[in-house]
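Respectively, the protein sequence lines represent chains A and B.
With the numbering used here applied, the first sequence corresponds to residues 14 to 171, in that order.
With the numbering used here applied, the second sequence corresponds to residues 57 to 473, in that order.
The set of hints was computed from the structure by calculation and includes no laboratory data.
The beta-carbon is built from N, C-alpha and C at its ideal position, and this holds for glycine as well.
Using C-beta positions, here's what the derived DEER-type ranges look like:
(1) 112(A) <-> 84(B): 52 to 58 angstroms
(2) 15(A) <-> 278(B): 41 to 47 angstroms
(3) 414(B) <-> 95(A): 37 to 43 angstroms
Here are some of the chain B residues that sit facing chain A, going by a computed Cβ distance under 8 angstroms:
(4) 370
(5) 372
(6) 376
(7) 422
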Amino acid sequence: MSIHLNVNGQEHEVTADPQTPLLYVLRNDLGLNAAKFGCGLGQCGSCTVVIDGVAVFSCVTPIMLLQGRRITTVEGLGSIDNPGPLQRAFIERQAAQCGYCIAGMMMRAHALLEKTADPTDAEIRASLEPNLCRCGTHMRILAAVKRAAVLRHESTFQ
Amino acid sequence: MAIAIALCLLILVSALWLFSFHAEIAPIPQPADGTFGAEIVARGAELAAIGNCDVCHTREGGELFAGARPVPTPFGTIYSTNITPDPDTGIGNWSEAAFQRAMREGVSRTGQQLYPAFPYQHFTKVTDDDNRALYAYLMSRKPVRAPAVHNEIWSPLKFRPLIAAWKALFFRPGPYRAEPSRSAEWNRGAYLAEGLGHCGACHTPRNALGAERAGRSYTGARVEGWDAYALNSSAAAPVPWSLESLQTYLQSGWHVQHGMSQGPMAGVTGDLAAASSADIRAMATFIGGQLNSTRAPAADLRERRSGSGGEIYEASCSSCHDGSRALPFGGVDLSLSTALNAPSPRNLINVTLVGLAPPDGHAGPIMPGFGGAISDDQLAALLAHLRARYSDKGPWSDLSGEILAARRALKNGRAGL
Numbered sequence: 014m015s016i017h018l019n020v021n022g023q024e025h026e027v028t029a030d031p032q033t034p035l036l037y038v039l040r041n042d043l044g045l046n047a048a049k050f051g052c053g054l055g056q057c058g059s060c061t062v063v064i065d066g067v068a069v070f071s072c073v074t075p076i077m078l079l080q081g082r083r084i085t086t087v088e089g090l091g092s093i094d095n096p097g098p099l100q101r102a103f104i105e106r107q108a109a110q111c112g113y114c115i116a117g118m119m120m121r122a123h124a125l126l127e128k129t130a131d132p133t134d135a136e137i138r139a140s141l142e143p144n145l146c147r148c149g150t151h152m153r154i155l156a157a158v159k160r161a162a163v164l165r166h167e168s169t170f171q
Numbered sequence: 057m058a059i060a061i062a063l064c065l066l067i068l069v070s071a072l073w074l075f076s077f078h079a080e081i082a083p084i085p086q087p088a089d090g091t092f093g094a095e096i097v098a099r100g101a102e103l104a105a106i107g108n109c110d111v112c113h114t115r116e117g118g119e120l121f122a123g124a125r126p127v128p129t130p131f132g133t134i135y136s137t138n139i140t141p142d143p144d145t146g147i148g149n150w151s152e153a154a155f156q157r158a159m160r161e162g163v164s165r166t167g168q169q170l171y172p173a174f175p176y177q178h179f180t181k182v183t184d185d186d187n188r189a190l191y192a193y194l195m196s197r198k199p200v201r202a203p204a205v206h207n208e209i210w211s212p213l214k215f216r217p218l219i220a221a222w223k224a225l226f227f228r229p230g231p232y233r234a235e236p237s238r239s240a241e242w243n244r245g246a247y248l249a250e251g252l253g254h255c256g257a258c259h260t261p262r263n264a265l266g267a268e269r270a271g272r273s274y275t276g277a278r279v280e281g282w283d284a285y286a287l288n289s290s291a292a293a294p295v296p297w298s299l300e301s302l303q304t305y306l307q308s309g310w311h312v313q314h315g316m317s318q319g320p321m322a323g324v325t326g327d328l329a330a331a332s333s334a335d336i337r338a339m340a341t342f343i344g345g346q347l348n349s350t351r352a353p354a355a356d357l358r359e360r361r362s363g364s365g366g367e368i369y370e371a372s373c374s375s376c377h378d379g380s381r382a383l384p385f386g387g388v389d390l391s392l393s394t395a396l397n398a399p400s401p402r403n404l405i406n407v408t409l410v411g412l413a414p415p416d417g418h419a420g421p422i423m424p425g426f427g428g429a430i431s432d433d434q435l436a437a438l439l440a441h442l443r444a445r446y447s448d449k450g451p452w453s454d455l456s457g458e459i460l461a462a463r464r465a466l467k468n469g470r471a472g473l
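With the rest of the complex left out, here is chain B (with noise of 0.2 angstroms):
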């Protein structure tokens, strides 16, 4: 019933806004090589890593921005369109005015409703020289014959100035407003996440219709099968993102306190990779003031670390011996290790510098020798770390003597000491 009386209401509007037409922009011919400089086109390659173009736009083992692409929505599948300039089946003939106007307004250059799929309720918060460097930059790439793969949605839904109505009720077009009371580099940030950078199209719930839904920004929503957490101070990470940690993750796609970026992210942070830094950080402010609007900031785990002993230990042992796997698929806890409680340290030395061998002819856990690698001095910083951290005995007293009396007595006895 409540979708009837909606379909309804859809109807009468889009009989309403039909009378606001869009003309055609005039075709041009495809620009020739070298029309646009390097300058413009490298801001543009920054621009569209940070709006994720090639992400909708390039279909699976597909060549690039040449669409087809399949996008699930509620209502059916819409196919992303050929942005590469080919003139017939991509955006060769469409002149600078048309791709702005497309950005600003969701209308094709022909004048054709565009499906909200494209996220032009974001795009129209694009600037003009933003817009121009990004036509610039896909207009200079390879043009792809790629003719568009017929949408699979709901047929009257097919009716495309029934997307009138829609724009109607939810599409508020219009630039960036900049809130004065923020930094230059907040505003900048809030300016590409919520329009290029669209990531309410994911971050944020959509109402039946497909909108997304007005003062639930950034709450979080289900999006081809994976959650887009929320980007509020609810968000799930046990560790508080600050700001280096946001950049790192945003632009390498992992953080050390964090993890991987997965699913549809995964191919968000892969472009960003390619975006400014200064354009990330500026995100990074942004989003970072959403989260943690009532967090305390992050204490940085690294800092924690005991001295060089600990290091080395991340850095060398931890792989085997901080995993959960038991003997003989992991390494011994090493709280359970006998060698490390016991009064001296001598076998503990023994096999840091030359490892664990199975028994002969049978299988059985190994470790490798670290003889080579470690110096004395490194060895006895690592020795007292991990008898203070996993042993309540006290420290040994002359573990430098020890280390030197092991790489002696070992040299002639084993290859490689």
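So that you can see chain A by itself, here it is in the shape it has in the complex (with noise of 0.2 angstroms):
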């Protein structure tokens, strides 16, 4: 069976089980290697992708679910020669420690972002808060949020 996924504003049409989560189609089928595969119980947000703006765990969603829906992950926000002021921000910053939670940390700050343009400390902590770090750069991650407001703002001017 196949179906039409909107990711990063291209058109794919997949061949896959409906029931396939869409980390798996990601990953496996788009060559799209962002978003990462922690606990696949929608519980550590290392799979986080935005979805028509929202946060989604891409490890519980069914790609049955998402015919028609825009898709955004890591690669969506800049490239390596390129990156977007999100992408800047947490270079900057050096947010990462081992990295296997950041894609997912930046596309739930993505969302949020998005919303709202100018968070404050305790509307990223909330925000955050369903995505897990096991190595503790939560203070890095938290500034290169706040950096990466700043850095939107700029891109924006330009």
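Bring the two chains, given one by one in their own frames, into a single complex with the hints.
Right, here's the structure in full:
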């Protein structure tokens, strides 16, 4: 069975069991490896992507739910040569230690910043709460999201 | 006593058999790169996958086809040989004729008897054309220098002419004979399963002398500490195998109604992924015929699902809620859920949309929210399904309206909705 998926602005026709979690399709069929498999139960956040502006656990989201929806992954935020503001902020603040949670953190931060351009510390903490980081770089992640808000403004004015 | 008699018999027969001696086949220079066409090599690769050559002829962590894998037998450990085209330690100086003879008769290029751990009682059925393709494939692999490892077997068995006696008793050389009453596909499958695929090497019990027991084909056996299940109507599978399920299982190593292949079979299905789909289908046709000779065909479990709500449940909810682990490690058994049995669906809608957080400052069960992923229509279908399946209360009257209202109410209160 094939399903149309819009990922990072590109249309894909995916042939897979409708029950396949989005995460598997992103990684195995589309080669988009930013989102990670962590717990597989929607409890750790390393698989987080954004669907129609909302952060979603892709490991428990079957593709049968996603026909015609807009899916964004870290690959949609910029490239290695031309990183987007959120990516530049995470690099500047060196927010990653092992890095496994970071793609999920960035996508949840992306959903937040799309809705709230200048979030308070409390809003950032509340928003990132579902995503776990085992290394303990939380303070740097918070700093990176703050920095991303500034960089997003700058790139808007440019 | 029985063993002593058997031994006397063996020695006697081997003395007779010694007269039928096998000549050496002249060595050839190692074939140069590009000797074999891409097409025949590719065909050989597909066939080698069916023959699982690499499973025995590669030791753990070793180079492909370089041998030295210990093969346990009741008579000791036999080490597989190097079948890479290395001229000194492999089969690099074997002509195609020598390879064909080894497959058909169980004799090495030099004329030495080969132990039946090399399953020539099956390989004798392989056609000349298929052997030619296998030869082309093996001879175009990377040559690896890997001298033979000495077998650790009962000393008298190191006297290889004894193998000739074993052959006289148990080895029936000759090609596969088609059964005209069966379809071409069934016959193709039987040819592959009985020949190159050597399924019976594990799935047929062996006698005291290590030969597959006549008349007990595919009745199951224990192999390397694993049970190779019976491939007949007494098979243990709770759901009967279908052609499709067998095909999927053989090619991918698992099937939704049968689980995963394991133990020695894991290497077999791992190889079969590279076999041609037509050959897999043929083998499934043959084996399926053995398995289901007296059983009704399987009903497809997937067809029993109750529409899209049930499908969404299976895909999104069941990994936690269908487990037998109790809270807090698994999800609540939904038939116990108050929200699901309540007069209004509101709480259930809220929980499905935003999930459940642990109590502040305490450990506790959590549930992810699905509000970002699921549409209103999908949610309505899911909840209607849950109500019907887990509650004896009647259906909720205005699911869609309640979902709309819940979304609206939650919109400002919670991020992400």
